[in-house]
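*Asks:* Each chain, letter by letter, is given below.
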Amino acid sequence: MDKKVAIVGFRMKSAPDLVTTRERLTFELTRGLFDDLGIEREDVDTTIFCTNDFLDGRTISNCFLEGPAGCYMRDESKVEMDALNGLMYACMRILSGQYRTAMVVSLALTGYQVSPYLHIEYQLSPIYDRQMRLLNELSAAALQARSYLTRYGYSEELLDAVAVQALSNAAANPYQARRIPGVSKEKVASSSPYYEPLKELHCYPPTDGGCVLLLASAERAKELTDKPVWVLGMGQSIETFYLGERDLFRSPSTVKAAKRAYELAGIKDPKAEVDLAEVSALFAHQEPLLAEALGLLEEGAAESSYQSGDTAVSGKMPINPSGGALGGHPVSATGLIRAAEAVRQLRGEAGENQVGKAEVAVVHGQDGPCAQQNAVVVLGV
Amino acid sequence: MSVQEETFLTPVVPLDFTYNYYIGQYLTRYFKGFKEKKILGSRCPGCSKVAVPPRKYCGVCNKVMEEMVELPQEGTLENFTVGHVTMEKGGRLSPAEKPYVLGLIKLDDKASLLLHKVEGVDPSQVKAGMKVKAVWKDQVEGDYWDLDHFEPA
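Going line by line, the protein sequences match chains W and L. For the first sequence, counting from 1, position 25 maps to 24 in numbering that gives the first Met the number 0; every step adds exactly one. For the second sequence, counting from 1, position 13 maps to 12 in numbering that gives the first Met the number 0; every step adds exactly one.
Bound-form chain W, shown alone (with noise of 0.2 angstroms):
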């Protein structure tokens, strides 16, 4: 994509309970992001809201927003899904040619006001799924985790390794929500089991927070910012809802999307082009399962690239040096809060989880049960 569209600026907050309202939070997240890059509200083209409408007990749930946000009588659309696809929706908008700006916005309060597993819930089907009641986030996301060990002869302990290093990165991180001190693989292995082999700690915490981020063609970027970070290429894909007819053990839509994103990106061997990831994991499984339909670790190969610290801050492709979606998911928001975390990497503004070498980032970002869809965007400065 060639410099065509950068990030200019973001804001972003998480928090175990916020204590706040989804306008206030708006308002102080686009507000702050005006302040930030010294613009008024005129100054966004459009705006692409990504909040879920069940989460929010409201339909078209953008529609309370406007005022907060800023966009009375302007430009407004919204993507009910990860917040990723706002960002390559808005991306898409100015490509088009008719917006210099396009702000994305992305917000669930899912940490005290309403649960967060009612979003994968009330995507099961309504005349089997939720008749049977077997099925639910964690139960498929534990599925999936048993689907993946088993398939490549990986120990439990795997899935405290990954656990451990997301949330030790979590922990020195501000933007975290869960940000647990001195955390160790017995602090995990002994939290509460939910649906074997996942336990508390292996799986998100409920999280409020959310995400603005404000996107600027090349022209436009320059006079907004010192520090463009670049979209360099973006893809996304979606398998078939039915768990049975899955192979849960690899993402075959995270390849598909990966794949376009990095034919976009000019990037040939991710493995040694890319320097960091920031990927929706929303269970600890999910990590390497899908930096490895990323192209970013050698299939099979998780247990020894977590244990030798390749993954880790200061490894040779270190995966969620912002902690990840352990440390917090505002559902709907995450994708895009990935997207910022790398912003930080790629500016040198990440602080104590700072990567050496950070140019080219990968950021993804998933919705439905056992990350049935997929959105991959590379970033790169």
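One should not assume that every hint holds.
Computed cross-link-like contacts, DSSO-like style, restricted to lysine-lysine with a CA-CA straight-line distance of at most 27 angstroms [what the hints assert, rightly or not]:
| no. | chain 1 | residue 1 | chain 2 | residue 2 |
| --- | --- | --- | --- | --- |
| 1 | L | Lys55 | L | Lys116 |
| 2 | W | Lys255 | L | Lys116 |
| 3 | L | Lys116 | L | Lys62 |
| 4 | L | Lys116 | L | Lys36 |
| 5 | L | Lys126 | W | Lys184 |
| 6 | W | Lys255 | L | Lys62 |
| 7 | L | Lys62 | L | Lys37 |
| 8 | L | Lys97 | L | Lys37 |
| 9 | W | Lys186 | L | Lys97 |
| 10 | L | Lys48 | L | Lys62 |
| 11 | L | Lys31 | L | Lys105 |
| 12 | L | Lys34 | L | Lys126 |
| 13 | L | Lys48 | W | Lys255 |
| 14 | L | Lys109 | L | Lys55 |
| 15 | W | Lys77 | W | Lys255 |
By construction, these hints were calculated from the structure, which means they are not laboratory data.
Following the hints, position chain L against chain W.
*Replies:* Just chain L now, with coordinates in the frame of chain W:
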């Protein structure tokens, strides 16, 4: 005033209304099969895979599945999880009274995996690859839970 110092009213806002879904012709056939203690699937004319429960469309081939096939009552436990929690209405997690097994069961090499309860075995003894068989309710009525669970064969 900081956020932490504020308190808010937290009105409870239930969404309790009813959807009346039609289940369609294929699930209807599935449950009619239950009345004869049969497990039915639909076969795709393109890839010859069998969807259980049956449905009309094969997503991969984009073809209509018209052929109904009866599946064996015995199969292999391909994958499973032991639940230690239950998810209640509203998405709240509660500890389970006792651990329980959910399994993905392969009834035929061409068939999709059927998710069901696996009983009659200590959860700690369950292994992938186990042979399991269908256990029906004594009185079948052509309804969801006629096929009650699976147990070791």
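*Asks:* Please go over all the hints and tell whether each is borne out by the structure.
*Replies:* We went through each hint and held it up to the structure:
{"no.": "1", "hint": "L/Lys55 - L/Lys116", "in the structure": "holds (25 angstroms)"}
{"no.": "2", "hint": "W/Lys255 - L/Lys116", "in the structure": "violated (34 angstroms)"}
{"no.": "3", "hint": "L/Lys116 - L/Lys62", "in the structure": "violated (31 angstroms)"}
{"no.": "4", "hint": "L/Lys116 - L/Lys36", "in the structure": "holds (17 angstroms)"}
{"no.": "5", "hint": "L/Lys126 - W/Lys184", "in the structure": "holds (26 angstroms)"}
{"no.": "6", "hint": "W/Lys255 - L/Lys62", "in the structure": "holds (23 angstroms)"}
{"no.": "7", "hint": "L/Lys62 - L/Lys37", "in the structure": "holds (25 angstroms)"}
{"no.": "8", "hint": "L/Lys97 - L/Lys37", "in the structure": "violated (30 angstroms)"}
{"no.": "9", "hint": "W/Lys186 - L/Lys97", "in the structure": "holds (23 angstroms)"}
{"no.": "10", "hint": "L/Lys48 - L/Lys62", "in the structure": "holds (12 angstroms)"}
{"no.": "11", "hint": "L/Lys31 - L/Lys105", "in the structure": "holds (21 angstroms)"}
{"no.": "12", "hint": "L/Lys34 - L/Lys126", "in the structure": "violated (31 angstroms)"}
{"no.": "13", "hint": "L/Lys48 - W/Lys255", "in the structure": "holds (23 angstroms)"}
{"no.": "14", "hint": "L/Lys109 - L/Lys55", "in the structure": "holds (17 angstroms)"}
{"no.": "15", "hint": "W/Lys77 - W/Lys255", "in the structure": "holds (24 angstroms)"}
Going through the hint list in order, the structure does not satisfy hints 2, 3, 8 and 12.
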